[in-house]
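With chain S held as given, fit chain R onto it using these hints.
Chains as they are written, first to last, in our numbering: chain S, 1287 to 1396; chain R, 117 to 233.
FYI, nobody ran anything at the bench for these hints, they're computed from the structure.
Check each hint, because a few of them may be wrong.
Which chain R residues stay away from chain S? Per the calculated CB distances, all over 10 Å, these [stated by the list, open to error]: (1) A133; (2) T142; (3) T144; (4) E158; (5) D170; (6) K172; (7) N175; (8) E179; (9) K184; (10) E185; (11) T187; (12) I232; (13) P233.
For lysine to aspartate or glutamate, the following DMTMM-like pairs were computed, each having C-alpha atoms within a straight-line distance of at most 25 Å [claimed, not checked]: (14) R/K225 to S/D1324; (15) R/K225 to S/E1345; (16) S/K1381 to R/D170; (17) S/K1381 to R/E131; (18) R/K193 to S/E1384; (19) R/K176 to S/E1384; (20) S/K1295 to S/D1312; (21) R/K172 to S/E1384; (22) R/K228 to S/D1324; (23) R/K225 to S/D1342; (24) S/K1381 to S/E1316; (25) S/K1295 to R/E158; (26) R/K168 to S/E1384; (27) S/K1381 to R/E179; (28) R/K225 to R/E179; (29) S/K1295 to R/D200; (30) R/K193 to R/D171; (31) R/K228 to S/E1384; (32) R/K176 to R/E158; (33) R/K184 to S/E1384; (34) R/K168 to R/E131; (35) S/K1381 to R/E158; (36) R/K225 to S/E1384; (37) R/K228 to S/E1345.
For glycine and all other residues, C-beta sits at the position ideal for the given N, C-alpha and C.
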Amino acid sequence: NAGVTQTPKFQVLKTGQSMTLQCAQDMNHEYMSWYRQDPGMGLRLIHYSVGAGITDQGEVPNGYNVSRSTTEDFPLRLLSAAPSQTSVYFCATQKNTEAFFGQGTRLTVV
Amino acid sequence: GNSVTQMEGPVTLSEEAFLTINCTYTATGYPSLFWYVQYPGEGLQLLLKATKADDKGSNKGFEATYRKETTSFHLEKGSVQVSDSAVYFCALSLRAYSGAGSYQLTFGKGTKLSVIP
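Next up, chain S with everything else stripped away, as it sits in the complex (with noise of 0.2 Å):
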């Protein structure tokens, strides 16, 4: 049982450059969302969709699309990536009140 698989694990763009961060789930859960860490600022919401074909904002969603076409899988795109998205991101489904995460993936942008 793979659970949440979020590739790649590490990444470097140049500025301006465009990327898909992939996640897929083995679950069946309806709830997904991404998330970016950053040191001393724990873990932000960037975006989240409630099942396939919905999706909105969390705290942070600017220079990052989403799109839910299917329950398995919910990518996030960045359309020109900028040094500030510089982080570690992480994919998480939730079944009810608990989460489950992937290992996350390093992002590096120059």
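Same frame as chain S, but now just chain R:
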């Protein structure tokens, strides 16, 4: 809005020492409370939880009691081990009711614990 405040780190303890990490919260409604742990290079995983006042969550020797009167959920362990070295996050989630926002977790900033032999 909802918020979680936990003690600043880092915290460094010797093996077998007593651990307390303070956590207080503000929330509209009656939240569920959690402690998550993040080991180096990994994602967060649930350590323990409590869903109503006076509940005690426990796991792996860690305990925390939901104190509504003091809006607190302090994490304790009687004897820490080197393997407990990690970052600990306190979090809250409001109980489910209609509306997608009810499922959002709010995290504290995390407390890094280092246990030395």
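Hint by hint, here is what the structure shows:
no., hint, result
1, A133, "25 Å, holds"
2, T142, "15 Å, holds"
3, T144, "16 Å, holds"
4, E158, "6 Å, violated"
5, D170, "18 Å, holds"
6, K172, "17 Å, holds"
7, N175, "13 Å, holds"
8, E179, "18 Å, holds"
9, K184, "17 Å, holds"
10, E185, "22 Å, holds"
11, T187, "18 Å, holds"
12, I232, "22 Å, holds"
13, P233, "26 Å, holds"
14, R/K225 to S/D1324, "9 Å, holds"
15, R/K225 to S/E1345, "15 Å, holds"
16, S/K1381 to R/D170, "23 Å, holds"
17, S/K1381 to R/E131, "35 Å, violated"
18, R/K193 to S/E1384, "22 Å, holds"
19, R/K176 to S/E1384, "18 Å, holds"
20, S/K1295 to S/D1312, "19 Å, holds"
21, R/K172 to S/E1384, "16 Å, holds"
22, R/K228 to S/D1324, "13 Å, holds"
23, R/K225 to S/D1342, "23 Å, holds"
24, S/K1381 to S/E1316, "8 Å, holds"
25, S/K1295 to R/E158, "10 Å, holds"
26, R/K168 to S/E1384, "15 Å, holds"
27, S/K1381 to R/E179, "23 Å, holds"
28, R/K225 to R/E179, "20 Å, holds"
29, S/K1295 to R/D200, "24 Å, holds"
30, R/K193 to R/D171, "17 Å, holds"
31, R/K228 to S/E1384, "22 Å, holds"
32, R/K176 to R/E158, "18 Å, holds"
33, R/K184 to S/E1384, "20 Å, holds"
34, R/K168 to R/E131, "32 Å, violated"
35, S/K1381 to R/E158, "20 Å, holds"
36, R/K225 to S/E1384, "18 Å, holds"
37, R/K228 to S/E1345, "24 Å, holds"
Hints 4, 17, 34, counting from the list given before, are not met by this structure.
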